[in-house]
Every structure is written in structure tokens, then in C-alpha cells.
Amino acid sequence: MQDLYLIVDIAGQRAALPASYVESVVEIDDVAPVPCAPPHVFGLFALRSRVLTVIDTLAALGEGSRVKEAEMQAVIVTVDSHLYGLLVDNVDDVVAIEGAAVAPRALLSPGWTACTHGVLDHQGAPLLLIDVHALVAGPQALAA
Amino acid sequence: MKTCLVVDDSKVIRKVARHILESLHFQVEEAGDGREALDRCQSATLPDVILLDWNMPVMSGMEFLRSLGQSDFPNRPKVVFCTTENDVAHIRAAIEAGADEYMMKPFDRETLESKLQLVGVA
Numbered sequence: 001m002q003d004l005y006l007i008v009d010i011a012g013q014r015a016a017l018p019a020s021y022v023e024s025v026v027e028i029d030d031v032a033p034v035p036c037a038p039p040h041v042f043g044l045f046a047l048r049s050r051v052l053t054v055i056d057t058l059a060a061l062g063e064g065s066r067v068k069e070a071e072m073q074a075v076i077v078t079v080d081s082h083l084y085g086l087l088v089d090n091v092d093d094v095v096a097i098e099g100a101a102v103a104p105r106a107l108l109s110p111g112w113t114a115c116t117h118g119v120l121d122h123q124g125a126p127l128l129l130i131d132v133h134a135l136v137a138g139p140q141a142l143a144a
Numbered sequence: 001m002k003t004c005l006v007v008d009d010s011k012v013i014r015k016v017a018r019h020i021l022e023s024l025h026f027q028v029e030e031a032g033d034g035r036e037a038l039d040r041c042q043s044a045t046l047p048d049v050i051l052l053d054w055n056m057p058v059m060s061g062m063e064f065l066r067s068l069g070q071s072d073f074p075n076r077p078k079v080v081f082c083t084t085e086n087d088v089a090h091i092r093a094a095i096e097a098g099a100d101e102y103m104m105k106p107f108d109r110e111t112l113e114s115k116l117q118l119v120g121v122a
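Chains as they are written, first to last, in the working numbering: chain A, 1 to 144; chain B, 1 to 122.
Next comes chain A alone, as it looks inside the complex (with noise of 0.2 angstroms):
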């Protein structure tokens, strides 16, 4: 059985988010800082009539902070019936994969280990499986 995954490029990292959570990509700007926010929520932005969450991914990963900058590229996702914007710095295709996730042979940084279900085999080079839950859960997730 494939299921299906939208490739992205997070923290220098190839990484698979399932499609099935993707509702867009878009490019946002005018990102509103959300004062006393957890460090990994970027602010909300206006997306045609609804607000989303803004996730800064580096900062859910515990690799830094994004830079603000004039237009971002963030992956419109539904989680728990809440729209978030995932803040990635490439989007790259969507792909069909067979078969499930692996426990990854190399070493994961501690923020990607809490935030992905593991390792896609994809033309045989591996693929991080991003945990959407955990990434826009942020560092809490990583210290729980």
C-alpha cells in the first residue's frame, strides 16, 4: 500500500510530512507575534478568512530560531481540527511511498528524534517521517 507525502526541507534536513494533513503551501508574510507564546510558535497570520498558527519548525526542533524575513513558505496542516503553518525552507514534491517507517540507523538530534516516526525508504535514500502532532506540540513534547 503507498501512501502519499509531501517532501520538504526543514533545519537542512529532507523530511516526509504525510499528505493527508496538507491542506496548501503558501507563501505568508505579516506574521503577528503572539506575546508570552511558547518560543516555537511564530505568531498568527491571516490566511483569506481564517487565522493559523504560525510554527517556527527550527525552534519545535530545538535547532534555533527562524529570522523573520518578507515572505516565508509554510505548509498549511490540520491538527485536531486547528489550522497551523508549518514554516519550512524548501518545498520539494509529492511522492507515493510503499511500505512503513523504520527506526532510524543514525543519530537523530534530540528535537527531530521526538518529532518523527521514524525513517521512509524513498528510491533508496531514507526520509525523515515527520510526527505532525509532536512538531507543532513543540519543545514540550521534547521535555515530556
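Derived by calculation from the structure, the hints in this document are not laboratory data.
Source: prediction; values computed, not measured.
Be aware that one or more of the hints could be misleading.
Straight-line C-alpha distance at most 20 angstroms; calculated EDC-like pairs for lysine to aspartate or glutamate [stated by the list, open to error]:
(1) B:LYS105 - B:GLU22
(2) B:LYS15 - A:ASP92
(3) B:LYS11 - A:GLU71
(4) B:LYS11 - A:ASP131
(5) B:LYS78 - B:GLU96
Take a look, some chain A residues computed to stay more than 12 angstroms from chain B by CB distance [claimed, not checked]:
(6) ASP3
(7) GLY12
(8) PRO18
(9) ALA19
(10) SER20
(11) GLU23
(12) LEU44
(13) GLU63
(14) SER65
(15) VAL67
(16) LYS68
(17) ALA96
(18) ALA100
(19) ALA101
(20) GLY118
Quick reminder that beta carbons are idealized off the backbone N, C-alpha and C, glycines included.
With the hints as your guide, set chain B onto chain A.
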């Protein structure tokens, strides 16, 4: 082989839909907005079904539906409206404008297949 025209301004969503539809043995064509979709419908054989996004630049899904309804096409294709809005008024407006079914985004293979079955093209 049946044909599906996927109308969405998101290239990623068009690709996701294409993967699923091709696995369901559909021939897939794509349009990035309602205007492009209308031009496609006027210049070639009509598709069997149209997967139509709501919010798009140039011409929205709703504007496309109204234009399609006013056009004199002999065999109007089935239309599955893809939306992120789930309020009743929104869905009713789409159905009144001529949509045959609606589907929430994001969608997966099972959902899309069931909607295509509901409109009688799968």
C-alpha cells in the same frame, strides 16, 4: 478511462489529487484557477468530473461554477467542490451554484474515492 479536471491554485494539492486519481485509473488534467478551467472546458472535450477549489485567484470556484452553469455544454461534468469551510451556508451556496458534492480539505484517497462514487464517476 474517465477524465478528471483538478482545479486548484495550489500545485501541491493538484499533485496530491493527481496521484490519487491516477491510482483510481482516471486521466487527470489540471488548471490553476477558474478562468483556466473554463478555457479548458470550452476548448476541449469536457471532463467527466471536476475537482474544484473554492478560493482561487483570477476566478474563484464559485464564479467558475456560475459560468459553467450559464454555458451551453451538452453534457455538464459532475463537480466536487473542495473546501476548507464547513459551515452550512457555504456548502449550500456551492450546491445551489451547481456543485454535485463537496469535500473537505485536506482529503485522502478513501474520501475522494467515496465522493467520486457518490457522483457516479467511480
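Comparing the hints with the structure gives:
Distance check on the hinted pair: B:LYS105 and B:GLU22 sit about 19 angstroms apart at the alpha-carbon level, within 20 angstroms; holds. At most 20 angstroms may separate the alpha-carbon atoms for a hinted pair to count; B:LYS15 and A:ASP92 meet this at roughly 12 angstroms. For the suggested pair B:LYS11 and A:GLU71, the alpha carbons sit about 18 angstroms apart, so the restraint of at most 20 angstroms is met. Among the hinted pairs, B:LYS11 with A:ASP131 is inconsistent with the structure: their alpha-carbon atoms are about 23 angstroms apart, more than 20 angstroms.
Between the alpha carbons of B:LYS78 and B:GLU96 the distance comes to roughly 14 angstroms, so the proposed pair stays at or under 20 angstroms and holds. For A:ASP3, the shortest C-beta to C-beta distance to chain B comes to about 9 angstroms, within the 12 angstroms cut-off, and the non-interface label is violated. Residue-level check passed: A:GLY12 sits 21 angstroms from the nearest beta carbon of chain B, beyond 12 angstroms. At roughly 9 angstroms, the least C-beta separation between A:PRO18 and chain B is not larger than 12 angstroms, which violates its mark as non-interface.
Not every CB of chain B is more than 12 angstroms from the CB of A:ALA19 (nearest about 5 angstroms), against its label as outside the interface. Consistency note on A:SER20: stated as away from chain B, yet its beta-carbon is not over 12 angstroms from all of that chain's, at 5 angstroms minimum. Chain B draws A:GLU23 into its interface by the beta-carbon criterion, the shortest separation being 5 angstroms against a cut-off of 12 angstroms. For A:LEU44, the requirement that its beta carbon stay farther than 12 angstroms from each beta carbon of chain B is met, with the minimum near 17 angstroms.
Distance to chain B confirms A:GLU63 as a non-interface residue, since its nearest Cβ pair spans about 24 angstroms, more than 12 angstroms. With a least CB separation of 26 angstroms from chain B, A:SER65 remains clear of the 12 angstroms interface cut-off, as annotated. Listed as outside the interface, A:VAL67 is consistent with that label: its C-beta sits roughly 25 angstroms from the nearest C-beta of chain B, beyond the 12 angstroms cut-off. At the 12 angstroms boundary, the C-beta of A:LYS68 stays outside the reach of chain B, the nearest C-beta of that chain being 24 angstroms off.
Interface exclusion of A:ALA96 from chain B breaks down, the closest Cβ pair being 6 angstroms apart, not more than 12 angstroms. Against chain B, the non-interface label of A:ALA100 holds: every CB pair exceeds 12 angstroms, the least being about 17 angstroms. With 12 angstroms as the threshold on Cβ separation, the claim that A:ALA101 sits away from chain B holds: the shortest Cβ distance comes to roughly 18 angstroms. Non-interface call for A:GLY118 relative to chain B: holds, since the shortest CB-CB distance, roughly 20 angstroms, exceeds 12 angstroms.
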